[in-house]
Amino acid sequence: MSKIKSYFAHLSTASKVVTILIPALMLVFEIEGLLVFEFDMLAFMMAVILLADILTDYFCFGGIYSKDGKVQNFYKISPKGKDVYMNVFLVHGIKRILLYFGFPLISTSLVFLLGKQEISLALNGMTMAGYLLGTIGTAFGGYAYSLIGSLISRKWDMVMVSFAIAVWGTSFMMIFNLIKMWSPIHVKVIILGVLIVISVAGTLFAMWYNRKKLEDSYYDEKSFKRNQSGV
Amino acid sequence: MVTENAITINNLTKSFKGFKLEIPHLEIPKGFATALIGENGAGKTTLLNILAGVRLDYKGQISCMGENFANGADNAKVKEKIGYTGPGNYYLPHWTVNQVEELTGLLFDDFNKDRFRQICMELAIFPDGNFAGKKKVKELSDGTKMKLMLAGMLARDTDLLIMDEPASPLDPVMREKLCDTIRGYIDSGAGEKSVFFSTHNVSDMEYVTDYAIIMEHGQVVEAGFVEDLKEKYILVKGDKEMEQAARPYLYSVSSNSYGFEGICLAENMNALAGMNLSTERPSLFQISVAVMKANSRIMMNKR
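Same order as they appear, the protein sequences are chains A and B. With the numbering used here applied, the first sequence covers 1 to 231. With the numbering used here applied, the second sequence covers 1001 to 1303.
Chain A extracted, bound-state conformation (with noise of 0.2 Å):
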């Protein structure tokens, strides 16, 4: 509870809201357009809540990973200050699972529940595993361009670089769309196999990253914690 609560410390007013309004949001569109306009939007609201995340992202730790920021001696100086930090982008990774691959298969689930599977597969013209193959690649492309996105944005505390990597976020997601929807589907089982190489990879890379920013912050040499320690 401590860790959900230390992160939800460094979320602003309107990160908090987004986080949580906007998939809810997306969830209203999907059934909307489900039942009334008879059109299956996932890839679409995917795309809005990668836009939405990586901006919301900037306002919670734009600039953290920039070269001459000073933030980490904030957490330095304090007795917990590492575990807390380490905990945010835990609970913050933990996070970007869950909409990401919560919401695909929440929405899913509801085209199914909804007896709406004819829509999404007269769609995309293809067969329930191409249909299924798609959504978790979709789910996977999501979570993979975020990861490094998110990464990539926090390097500079600049709103125009977060907006403009979030930009090209949903232009991704949606010609990601188009090569699953016209793929076979021996061409979608690679494209998801590379996704999950990339999201697992991805993931272990910035869970590495963010320790070694804060471990870095700490010598001027990197050669030096290795001679300290012996190695």
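Treat each hint with caution, since some may be false.
Unchecked claim - Keeping only pairs whose Cα atoms sit at most 30 Å apart, straight-line, the calculated DSS-like set for lysine-lysine is:
(1) A:Lys3 - B:Lys1134
(2) A:Lys80 - B:Lys1145
(3) A:Lys5 - B:Lys1113
(4) A:Lys155 - B:Lys1145
(5) A:Lys82 - B:Lys1240
(6) A:Lys80 - B:Lys1237
(7) B:Lys1081 - A:Lys70
(8) A:Lys95 - B:Lys1135
(9) B:Lys1230 - A:Lys70
(10) B:Lys1059 - A:Lys5
(11) B:Lys1134 - B:Lys1077
(12) A:Lys82 - B:Lys1059
(13) A:Lys80 - B:Lys1135
(14) A:Lys213 - B:Lys1138
(15) B:Lys1177 - B:Lys1081
(16) A:Lys3 - A:Lys116
(17) B:Lys1136 - A:Lys70
(18) A:Lys3 - B:Lys1059
(19) A:Lys67 - A:Lys213
(20) B:Lys1081 - B:Lys1138
(21) A:Lys70 - B:Lys1134
(22) B:Lys1113 - B:Lys1135
(23) A:Lys16 - B:Lys1081
(24) B:Lys1077 - B:Lys1059
Hints are computed from structural coordinates only; laboratory data are not their basis.
Following the hints, put chain B in place on chain A, whose structure we already have.
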């Protein structure tokens, strides 16, 4: 004077790209305000960062508030007793004051929220006198960001304050307030609370400085209680014709067409006997400049 030490340093070294911090022995007395004075690049920030636990790339032994740590070890045990403000703002620019308050509370168990708000008002962080928690850090001036860091630090129950250039971004009125705050902090501790700060604003901070350490090129070149330093050094003034004879015994000399003045070691005053000179008690600023000039690599214009 026999005093306990808040900090004792032995054989401290840290090297990086042509710079070497090298302090064989240094004591910072407990219950006093100690100023760390020196040119840019003298090693002040490096020393303060090591003591605050912000840097760990050092070798040597440090005893701080009764806890010992050495050779790059973290000072985790004393962090709860130390308050620190850095030379630059360490809050993210889009954090609000409310977030700063909440985050400081999360990081430090001894943080007092009501006291934080009270100090924010005392330091006039908000121009209209109302606590504006929604104000973002990036909307504050450099001086106000420093005040916010000071408020966060002072709202805790600490025994040692380490401040890197706290006066630099502050206006003169606020510098005086800072001096009063430091004095009040020390007085509230009945000899147990200490303050260690670096400053280029020696004149402004002189009245609160009990002990001074002067650093040049990574080394301590002078250290002592201000009152002792004022006994050790003497300000000498004389007519122009005396300048050449007096110059070899003076730490630094500034002259014009009528006369000169310089800082002389009290022990060398005998050598100036017989010259028509007047003497005065120097300020800490004058002592600091003289000692720094004597050790500086800056090419000074002869005046």
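Item to check | Numbers of unmet hints, in rising order | outcome: 5, 6, 9, 10, 11, 16, 18, 23
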